[in-house]
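Trainee: Heads up, the sequence shown is in numbering that gives the first Met the number 0, so the first residue is 0 and it goes up one at a time.
Think of the hints as simulated: they come from the structure by calculation, not from any bench. Treat the numbers as computed from the prediction; the structure is a model and nothing was measured. Check the hints yourself; a few may be wrong.
Simulated pairs of lysine-lysine, DSS-like, Cα-Cα distance not exceeding 25 Å [what the hints assert, rightly or not]: (1) Lys-561 to Lys-823; (2) Lys-533 to Lys-87; (3) Lys-559 to Lys-826; (4) Lys-781 to Lys-173; (5) Lys-812 to Lys-852; (6) Lys-766 to Lys-559; (7) Lys-179 to Lys-730; (8) Lys-964 to Lys-760; (9) Lys-814 to Lys-295; (10) Lys-115 to Lys-561; (11) Lys-293 to Lys-47; (12) Lys-672 to Lys-604; (13) Lys-826 to Lys-814; (14) Lys-781 to Lys-760; (15) Lys-1054 to Lys-1025; (16) Lys-781 to Lys-823; (17) Lys-87 to Lys-302.
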Amino acid sequence: MAKTNYSFWVMETSKPDLLCGRPADYFVIKEHFVMLICATIVLGGFAKMASKNSDVLVLAVLSISGFVLGQLASHFVEVHQIIYPLLKTPSFSLYCYFLPLIIFMAALDVDFYILKNVFWQVLLTGVISFCTAFIIIGYVVLKFNKESWDMQCCLFFSITLGITDPVHSVNTMKTIGISKMYIDIIRGESLIIFSVTSIFFGIFRGYTLYTTMFREFHVVIGLTLDIIGSIICGYCCARVIQFILTDLFSNTLTNVILCFSMVYMTFYIVELFGMSGIVALVTVGLNLDSLSFKPKMEFIITKFLIMFSSVYEHLIYTFFGIVIGCGEIKYFRFHTVAFVFILFATVIFVRWITIILVSPILTHSSYEYNWRWGVVLTWSGIRGVFSLLLAPDIYNLAEHKGEAPHMILFYVQAIALLTMGINSYMMMESARTLGLCAITLPRQMAMENAIQHIQEIIRNTITLFKTEKLLTNVNWKVVEKNAKIKYIPVKKESETAQFSHVSHGEKEMSPTDEVLIEEARLHVAIIQMSSFEKQCNNGILGVEAARILIGATKSFCPIKGKFMSIYDVSTYVRSRSWLMKFKNVLSHLDYHKESIPFLLPGSNKLIIIIYRILFSEEYEYARHVITLIYIFPLVMHIWPMARELNVSALISINHYFVLLYVLESASKLLILKRAYFHQHWNILEFLIMVIGIMDIFCLYFVRLRPGNLFLIQFTVVMGYLRVIRFLPLFKMVVPFLINIVEVQMKKRLSLMYSITKGYVKSQEDAKLLVKHISGRESIYQKLYEILETNKRDAVKELGLIEHEGRDVVIALKTKQAIQNVIAKALKNLTFLWSRGIIDKPEGIEMNKVLLSKIKALNNFPMSIPPPTPDSYLPNIVWMENKDILIDFFKERTKLAHFDYGDVICREGEMPQGIYLIISGMATLHSTSPTFGIEHTEARDRNLETFYTEYCTSGQVIGELSCLLKREIEYTAICETSLQAFFISLEDLYEGFDIFWPTLEYKIWLKLALGIVNQYFESIVTDEDLKFESCVLLNHAYVETLSSYNELTINNETMKFVIIVYGSVINSKTEELYPAPYIIPKTCEQVQGVADVSKLLIVQASEPAKNDTTSHAMDNTGLRTTKRDYNWKRKDELEAGHHFRKTNQ
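Required output: the full structure, derived from the provided sequences and hints.
Mentor: And the structure:
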């Protein structure tokens, strides 16, 4: 066999190829080998279908099939010529063909942020696992092996068998609900071990090719390149791949092809430069995540690459089965089977020892780890294709070539199949026996809440469908029976345990609030990460900001009881302080030209000429040029040989340079006098002049006393100090550095604003779903308070950021507004394209135009100057940018200034007018809003709670109180210095009279839309509830309902009827609907209860023209009739109820 299959192991051109004992004396047809590959893929596919996706059965079938095929090749020429190209292929070629994609997919599935947080734990786990396997497996192989392997071969075998498969080792873990952190630790350990092993084997491969160059220095250089160089190359390639995958103009097919090809290109280029392609691909995979792909592109690309990885795995096991089958059968003895089981037991024992040694590390990593999870993890040491592809090198790199190299492959492949089958089964059984597969009671309660929510949606959908005329003859009892959910779906028994099992102890004991809060905390973290990714895909959140938020969320998940706040996720304060300090230092060093106010017109003309010369830009440039030219003489002075040849010239140049400094310093001293030393650069130049004069005198004294050793040494030191003559050049760089720091500060400010805004959105999304996380009211209240507090802190941070960098925030908001408008246009274009209104060629061209505009936003300026105060009035939406309204209020507005801590208005006071904030931030402190609801009408009779809201530039304070002429329900306090336009109550009501009835109606419409978007965002997200759309297109309008008045609800024309202020009752059932509340579809008529109730009606279809006029009220004509406005105090209306935001 050492001769028969030699070409698979090493290539020797001096010997003829004898394969399977038969010379290749026939013409080889390459199509036969292609047929073998296709047959292997087909057999693997059918085996996977028959075994219900059992990997171990599929690979075992393929391995046995390959072994049988190899045996047949020894007896039949027809079979031999089919496998001949495989036997002719070097083992390293198979390594390069199959491994790059498999290792890339393994690294791509690792969460980089989790791995970064537990990097030292992963590194220590990998080192302990590698050392343990190397020692124990190596000893067992040396002790029990009877294949006449030498020491080097045994050590290589132990290293190869110590590599765990990062894919199959964690597949079973995913089904038993183990923490993602442990999965990534096992994957990271496997990747580290395999990377180290590949580097180790690569060094020995180089030794076999270049034996004379194998020295310690070359080993050190090789290791440096393999580790540091490969990581740098991998990072650069990851950035290139990410740029390709996120390009707006690339299509799916192009992305798939480029991603596939770039993986192999990275591997081959890095290997070509003598580095480790494996380490580079691991780096590439770790630096790519779901945000590195365009939306909906990740699924397609990863599925394509997973398909190829699975096919590669099938081919590897089949090919190595063929090679084993080509070996002589006489080497398979009883000891072979015994040695396989000895190796298997050793591998299991090594894993047990490793887990025992790393248990303190895993315990420190997470509070969830205990001895039960340790028992499960001991079965995670599954071997696979990584060990198998390196197995041929054991024979190739051994000093003594054994007689049966195919036995090395047999042992490795047998251990891989045994661990894949037995370990996976034992891992599942251990988890089931130890009760780790059972769903905990808090999680079961959360699932029950979710099922109840789904059942409620189903019931509402059925109720809505019953009103449709075309579905009147449907048997709704059958529909309700088949749509009813009776149990929680469980996974297949082959993949997981019975998840519906709950231990007896859990049934008896109800979980505490602390346990339920912890379970809810994990759900909130998942909701937040989903929100971050969704915002990024929609263009609301930048990729870098989304990565920071997702990474921070994953970092704080393992901390028990920790809800991530904006202060946890932000590194802004530290980064800002560093940049500010650096900028202050640079500003301190910045060179400012001295002005001479005391230089009178009658002064000496010579002094005036000198002054104009010294402080001109031309002189500064000439001085810097002379300093740069001096680099050459200084290099000659430092270089001994050049110095000896040019002593006199160097002395002359030194005298000339010092003379220039003397003249410059003397001139500036003559002009500036004592002010000369107020500038740091002048002090430096004076110091350079003094040192230069001392240098000249030292040279002179050395000539007088050439035997004085101390004087010579001092002169040499003074000569080296000439380097400081280049320090003045730094003042040219200072302005550029200041500009760079300012740009970085703006980027950091913009990034922090995006992060905070994305965090606020995620808190709002979590609050919408918090009701479905836990059904216990106390848990709901605690979660809501935590989320609301975190949101308020984030909003406050937004205001502070905006106050600090208004120009940066304005630029970012403008950019996001442009992006949202273009995104809306793209959505409408897709709709028109899908309906056939726009043809495909025109649609493609329009899509390119819109995408080019989005791409152009990458060059959008970092800052935009804030608008003037007068330009803020058109930003009030109810003015609709109409000149007549703007001019009317511009004449009546006053600019108010407030300092930090000033009170703008107090709770309980009567309103004086409205405030439009121009700059700064204010906080609104109050009990929960009443929405005009009396205590007796309140649904929840809890104690009043306090809330805080933040207002920044562009927002208006006091609109609702002025409309109702009621007491203000909050206290507004300035958090920063604040500027605001003040419109008095008299001027506002004068505007109501002049522009009756449109102005007052539009303010109510703006307030109603704000309430609906705040409390029912998830329900009305598909509706176009923008102020402009509601005014122009009448998508929604406000209806006023007085006490005891009734309103008929027509479900055919009214899609939503939402009470936004006051309260109404169902005329039939007398059920109370307090604001804010969505009137249910079953309600046909409502009656007002409060003095004034406001309802926002969202229309389901285009209203009639006559209705539009009555509801839109766009008449802007003058009306001079005065109206009586009754002043009502808060205690008169008895409206003290607070509302808690819920998703009804």
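Trainee: Does each hint fit the structure? Answer for all of them.
Mentor: Right, here's what the structure says about each hint:
no. : hint                 : result
1   : Lys-561 to Lys-823   : violated, 38 Å
2   : Lys-533 to Lys-87    : violated, 51 Å
3   : Lys-559 to Lys-826   : violated, 42 Å
4   : Lys-781 to Lys-173   : violated, 31 Å
5   : Lys-812 to Lys-852   : holds, 16 Å
6   : Lys-766 to Lys-559   : holds, 21 Å
7   : Lys-179 to Lys-730   : violated, 52 Å
8   : Lys-964 to Lys-760   : violated, 33 Å
9   : Lys-814 to Lys-295   : holds, 24 Å
10  : Lys-115 to Lys-561   : holds, 19 Å
11  : Lys-293 to Lys-47    : violated, 31 Å
12  : Lys-672 to Lys-604   : holds, 17 Å
13  : Lys-826 to Lys-814   : holds, 18 Å
14  : Lys-781 to Lys-760   : holds, 19 Å
15  : Lys-1054 to Lys-1025 : holds, 16 Å
16  : Lys-781 to Lys-823   : violated, 37 Å
17  : Lys-87 to Lys-302    : violated, 32 Å
Going down the numbered hints, you'll see the structure goes against 1, 2, 3, 4, 7, 8, 11, 16 and 17, while the others check out.
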